[in-house]
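Peer 1: Turn these sequences into a full structure, and let the hints guide you.
Protein chains in written order, with the working numbering: chain Y, 31 to 355; chain L, 900 to 1224.
Some clues are possibly wrong.
Claimed, not checked - The calculated lysine-lysine pairs, modelled on DSBU-like cross-linking and capped at a C-alpha distance of 35 Å, are:
no., chain 1, residue 1, chain 2, residue 2
1, L, Lys902, L, Lys1125
2, L, Lys1030, L, Lys1095
3, L, Lys1005, Y, Lys53
4, Y, Lys280, L, Lys1217
5, Y, Lys53, L, Lys1117
6, L, Lys1125, L, Lys1030
7, L, Lys1217, Y, Lys279
8, L, Lys912, L, Lys1177
9, L, Lys1030, Y, Lys77
10, L, Lys1216, Y, Lys226
11, L, Lys903, L, Lys1118
12, L, Lys1216, Y, Lys280
13, Y, Lys53, L, Lys1217
14, Y, Lys228, L, Lys1216
15, L, Lys1063, Y, Lys77
16, L, Lys1114, L, Lys1030
17, Y, Lys53, L, Lys1118
18, L, Lys1083, L, Lys925
19, Y, Lys279, Y, Lys228
20, L, Lys1125, Y, Lys53
21, Y, Lys280, Y, Lys346
22, Y, Lys77, L, Lys1005
23, L, Lys1204, L, Lys1216
24, L, Lys1063, L, Lys1030
25, L, Lys903, L, Lys1114
26, L, Lys1216, Y, Lys53
27, Y, Lys77, L, Lys1125
28, Y, Lys279, L, Lys1216
29, L, Lys1117, L, Lys978
30, L, Lys1030, Y, Lys53
31, Y, Lys228, L, Lys1217
32, Y, Lys53, L, Lys1063
33, L, Lys1095, Y, Lys53
34, L, Lys1217, Y, Lys226
35, L, Lys1186, L, Lys1168
Honestly, the hints are just simulated from the structure, not real lab data.
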Amino acid sequence: MRKLHMLDAVNAAIHEEMARDDKVFVIAEDVGEYGGVWNATRGLYEKYGAIRAMDTPISEAGFTGLCVGAAMAGLRPVTEIMYMDFITACMDQLVNQAAKADLMSGWQMELPITLRAQYGSGSREAAQHSQSLEGWFCQIPGFKVIIPSNAYDAMGLLKSAIRDNTPCIFMENRNLYYDVIELPDEEYTIPLGEAKIKQEGNDLTIVTYGMGVPVCEEAIKKMPNASVELIDLRTIVPLDFDAVLNSVKKTGRLLVVHEATGAFSVGSEIVRRVVENGFDYLDAEPLVYGNLRTAMPFAGNLEDAVIINPDGVVEKMKYLLTGIC
Amino acid sequence: MGKKELQCRQNLKTMMIMREFERVIKDLANEGFVDGAVHCYTGEEACALGVCLNLNDDDYVFSTHRGHGHAIAKGLDLKKIFAELMGKASGVSNGYGGSMHLFNPKLGFMGGNGIVGGGVPVSIGTAYASKYLNDGKVTVCFFSEGASNEGWCHEAMNMASLWKLPIIFACENNLFAATTPSYKTLANPDIYERAKAYDMVGVKCDGNDLDDCIKTVKKAVDRARKGEGPTLIEFKTYRVEGHCRVIRDLEIFRPKDVVQWWADHDPIKVYSERLIEKGIITEDELKVIAAEVDSEINEAIQFGKDAPLPDKEEFLKKISERYAI
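Peer 2: Right, here's the structure in full:
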């Protein structure tokens, strides 16, 4: 076993994939000589040189576009958006180019691109460094959207993303970066599209991912008598809907928790599908709990008032289990 | 006729095919055989041909929304181009792309683009891959003076020069961006001068003179292949037709004397007169070539009309896998 935190796991996964396949390379701002502003790409430049660990100008459209072309030519680029908020600067390259080129060509090409995006709220980084934008990419046909909640999953999922032949958005929550856990020494991958049942239970299904996982785990600890099934989706697209529906069939109650604001969200979609496919199994109205719908304020007391937290989860749990607000 | 003379004859014929293609495509649209947006390349034939005559089959070309001429010049099958515009399974993109998305990766034709300038950052990706793989290939990115005003063009050119990528930025300055004339959009009408800002070679050429295009592009391709970095070539040319089939902008911004000047400098007129003057072809031979063009175009149209539609079931199956959620 090896003790790693999520950043180490991300770093190790990239190292292993680059050693395994010489078509894999990283390119983005600061990922080369410095090793990434979060140190996720440390050691690659020394080992593989600039061409496989390339520092770019602050040109998100330029280097994500480059990734699309490089993938068309048979390479497997891994790029990084330092804060997911900056992804707005390259939306054309992602949405109109990366996601569509395979269909537009009549399936004559594949686009094996992995885009790592660091994100998260709760660390006082204000309105342009705090967004969870997974919903945008879920809505566009063509992307896989992957959001690990721990080092073990990050390692296995990132390796699968890099080996996948379609564009993958891989989101890493900075507040989860430093939680250390034990990982096996031997290599493993985790298939994209398989949720993880973190805890089995009979009375309530909580579906979450990313930062939502530790938040819900803490909430569950505060409700020791509740029998809760906790599902970590791990990949949002493709979605392991069977895991969700099977759980709701058993519990009859559903709560979806995520950092993204609830309106028009991943949670909305999961609720829609549960209602369409499992209406008769529901004993209560399904709920979505997300960050409040607002641009993120800077002041700590204000940010804390709008982001998901264990007490907020507990409140929803109590309502679903007792019907009392 | 010697080899050189035969090549000249073929060049003239290819430009005439491009011209005739655009003429008949309007008829086909009016007759209901062609749907959707169609952006005619009429008047710019020498640019595409001048570029592609300098390329190998496996060199990369990125095209634009106005890309029929690029595809013909790169050697894509005329029959399959017609079939694509008719939405047929035998099309170059299997009927999935249409006029703006002609693809043939095997011939290095990496697609048109419905986003003006969208292909520019993508194109530095194949060039990056060529440097990475040391495969000796050159990339040409067609764009226009309209696209030159998109920010990501600046990003891509800066990176291409920074890393001495084997790429030619082929700017077809046809004086119109959609309906707006370039004097209303360009602070400096000489786009090639922007190259200076990137420490890149920038040159202009007469985009209506095939020989000037061939000569100018050759130098740029030689430099790229030798690892001496990118070139920005500005082809001074003129968009004879309106922006597209459905936007009728010919009644505005088109002073008669200007239209006449460009008609006098029409690339096919210039080139055919030169060949006649040099005694390479005769007036009679010109008629023979026109008849050959007519026959090839008619055969290709018939191929398109006879071709089958894309299979709906196959499509639905494919997208249920590719876009699984």
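Peer 1: Taking the hints in turn, state whether each one holds.
Peer 2: Now the hints, each set against the structure:
no. : hint                    : verdict
1   : Lys902(L) / Lys1125(L)  : holds (27 Å)
2   : Lys1030(L) / Lys1095(L) : holds (23 Å)
3   : Lys1005(L) / Lys53(Y)   : holds (19 Å)
4   : Lys280(Y) / Lys1217(L)  : holds (33 Å)
5   : Lys53(Y) / Lys1117(L)   : holds (31 Å)
6   : Lys1125(L) / Lys1030(L) : holds (11 Å)
7   : Lys1217(L) / Lys279(Y)  : holds (30 Å)
8   : Lys912(L) / Lys1177(L)  : holds (17 Å)
9   : Lys1030(L) / Lys77(Y)   : holds (18 Å)
10  : Lys1216(L) / Lys226(Y)  : holds (28 Å)
11  : Lys903(L) / Lys1118(L)  : holds (19 Å)
12  : Lys1216(L) / Lys280(Y)  : holds (32 Å)
13  : Lys53(Y) / Lys1217(L)   : holds (27 Å)
14  : Lys228(Y) / Lys1216(L)  : holds (33 Å)
15  : Lys1063(L) / Lys77(Y)   : holds (23 Å)
16  : Lys1114(L) / Lys1030(L) : holds (25 Å)
17  : Lys53(Y) / Lys1118(L)   : holds (31 Å)
18  : Lys1083(L) / Lys925(L)  : holds (29 Å)
19  : Lys279(Y) / Lys228(Y)   : holds (17 Å)
20  : Lys1125(L) / Lys53(Y)   : holds (23 Å)
21  : Lys280(Y) / Lys346(Y)   : holds (19 Å)
22  : Lys77(Y) / Lys1005(L)   : holds (33 Å)
23  : Lys1204(L) / Lys1216(L) : holds (26 Å)
24  : Lys1063(L) / Lys1030(L) : holds (9 Å)
25  : Lys903(L) / Lys1114(L)  : holds (15 Å)
26  : Lys1216(L) / Lys53(Y)   : holds (30 Å)
27  : Lys77(Y) / Lys1125(L)   : holds (27 Å)
28  : Lys279(Y) / Lys1216(L)  : holds (29 Å)
29  : Lys1117(L) / Lys978(L)  : holds (29 Å)
30  : Lys1030(L) / Lys53(Y)   : holds (13 Å)
31  : Lys228(Y) / Lys1217(L)  : holds (33 Å)
32  : Lys53(Y) / Lys1063(L)   : holds (20 Å)
33  : Lys1095(L) / Lys53(Y)   : holds (33 Å)
34  : Lys1217(L) / Lys226(Y)  : holds (27 Å)
35  : Lys1186(L) / Lys1168(L) : holds (14 Å)
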